[in-house]
Amino acid sequence: MKKLERSLSLTSVIAISIGGMLGSGIFVLPGIAAAKTGSSVWVAYLIAAICILPAALSKSELATAMPSSGGTYVYIERAFGPLFGTIAGFGLWLSLLFKSAFALVGFGAYLSILINIDPGLTKYIAVLFLVLILFLNILGVKKVGKVQVFIVSISLTALGLILLFGLPRTSSELLDPFLLKGKMGLFSTVAFVYISYAGVTKVAAIAGEIKNPGTNLPRAMILSLFIMTIIYVSVAFALVGNLPLNELKSDIKPIYTISKLLGGNVIGYTAALIGVITLISMANSGVLAASRFPFAMAIDKLLPDFMAKIHSKYLTPVVTIIMTCFLMAMVILFLDVEKIAKLASAFMVMMFILVNACVIVLRETSAQWYKPPYRSPFYPFVQLFGIFSGIALLVFLGIGPMLAILGIFILGFIIYFFFGKNATRTGILRKYGHRPALYLLYKKKRDAKITYRNNQSVSLQNLDGKLASNAGVVVPLLGNERSPEMLVEIAAAINKREKIQVVNVTEVPNQTFLDAMVEENPRIASLERRVTRLATSQNIDVDFEAAVTHEISDTIHELSNQTHCDWLVMGWNGRAHSGILVSNPIGWLLTHINSDFALFKDDGVRYIGKVLLALRPGRRDKNFIAVADRICSFYNASLTLLHVVSEKTDKETIENMEENSKKLLQKVERQSMVVIQKDDDPINAISKASASFDLLILGTPQKDNWVDILFGTGKDKYTEKSACSVLRLTMRDN
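Residue numbering for the sequence shown follows my numbering, starting at 43 and increasing by one per position.
By construction, these hints were calculated from the structure, which means they are not laboratory data.
Do not take every clue at face value.
[Unchecked claim] Cross-link-like lysine-lysine pairs, in silico, DSS-like; alpha carbons within 30 angstroms at most:
#, residue 1, residue 2
1, K763, K693
2, K225, K165
3, K693, K704
4, K343, K302
5, K355, K381
6, K652, K704
7, K709, K730
8, K664, K652
9, K690, K759
10, K704, K690
11, K705, K730
12, K730, K720
13, K538, K705
14, K709, K664
15, K705, K693
16, K705, K690
17, K541, K664
18, K381, K165
Required output: the full structure, derived from the provided sequences and hints.
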């Protein structure tokens, strides 16, 4: 079988990137922006896109070099050190926080159209829904983001219809004045709408999951930026060409206004509904992302330890989620819309200035590990343009945002002084740039205290490269096994090579930053001790590792790929809707895994002396018997081959079957025998027979039956009725 590539295609990445930009930038901002510059607001959107392009190219390069969780925060800390990492963490947190608060203000305005709320109460309605978002994030509701593609599609369709009917109706009279406050007004508006495009770089955080990221990540960023630039520019032009400026300048629900103008009340209400869905979705994803930055900083010892607290049941960063939502509520209640947008833009401009500077630092210091598959074109001119244009935009935003940024720097210095000054990490600029030879020593020291940052994203980065590539069997432990030792024993019995790779896999909700779970865990330490003791007593070669993931099935699949194993052995309780099958990864793994697959249902049997192999005749009997023989040799057990046939089967057929089966058993080293039983109920027959055995070995059910097992009754009837432990084998070789 071919090895599967990373899961996200170029089209999927473009959709995710567009989803990151589609929201308050078009549903709320255009009217307020038009008040600053007149009908030239569409030019402001165009220039803002040009100004953000260097950051997109720079972040593409950084993401392909460091495809790890943490994103921009990691890049800045690696380049400049923990002091700037602290400042960057706060800046990123506040930029996403303000942007999400801005989206909720717009959400309240659109919701007031649908349920006739007094305009003065929209802020309080926004805070009420913020509380709902708070609980969604604490409860760790997974897969909420799966609806993002649907929401993006609906929003783009609605905006497309506005352009279709709005552009032909554009009035030249309404386009005057073009520059309401001159060129200075235009450039200040560019800085104001800059936040609209900030989501273009969010996709860099999942670089490790993208097919051919060195090519597809920059393509996706540039294409999605191009698509959204066209949409922003065109919609802004349609708005100023159809609505009088004196009405538009105070309108924070302009998509509803123009939709009602073009299509009447029903179309207007439909647009309001789309606005509500889009903005609440954006706010929810914003809280999810924003809460991870102070959380990551706490893990890196740049903030107090209590901020790294994980909910004991839901495994979500409860403290930072509450902090993020509380500050968002304060922003919504006490700041006006324009100030929120200005501050969000200012913090994001500051971050993108640092992102561009990161590329220059990492290239000029020639760090040995910095080998990005993609390199930004026209270096360093693109980065310098991004830095100087960013500084200019900060100036145009005015004194208030500049003071806020100064406050972030001061606060960052203070917090670093109290919490981060003893951090062992050192930025490349200080350590590698000035004394390159010291980096080798520094790297070794850092590796000794590794915090799993570079080995804990969902795909290749989820695994630290220490996996035994020569392991014959991989055993993922998910925490629900009755006896991990027994599962490892079964793996050893099946194994044809020397080494076994055991990996404890911890799945956490999407709301949990993966680094949260890498601290020393007593349960994992105990598990490693038990597996090590088993390996010593049984004289088997076992390697133990631990990994944290958001997607169990992806990680298990990657385990088999990285180790090139013969077998994947997993614990199983025989049911389809609990334990490992909560998200039904087994059905997916059966069709995607590159190795043979064994599921072990532990019935508590600890001493295996008699093994029963029940097969439908002709189903690669030879292969199954070879595996059963290895198991019997490992446990010094006897083997019985059972065939259940219908009551109508004639004597000659049974004799031929028995003769063929005995021939197959000739090479079996342990004591063996053949039993052929007539019974029209094979489940009942095998169930009764299993009472005399310690282990029942079965093949994979018929293909059609997997649907029943995994989605129908939710049970494997053979396994459920068995009176002993069961091992189900799925073998790919004929």
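(message) Output the indices of the hints that this structure fails to meet, ascending.
(response) Violated hints: 2, 4 and 5; rest satisfied.
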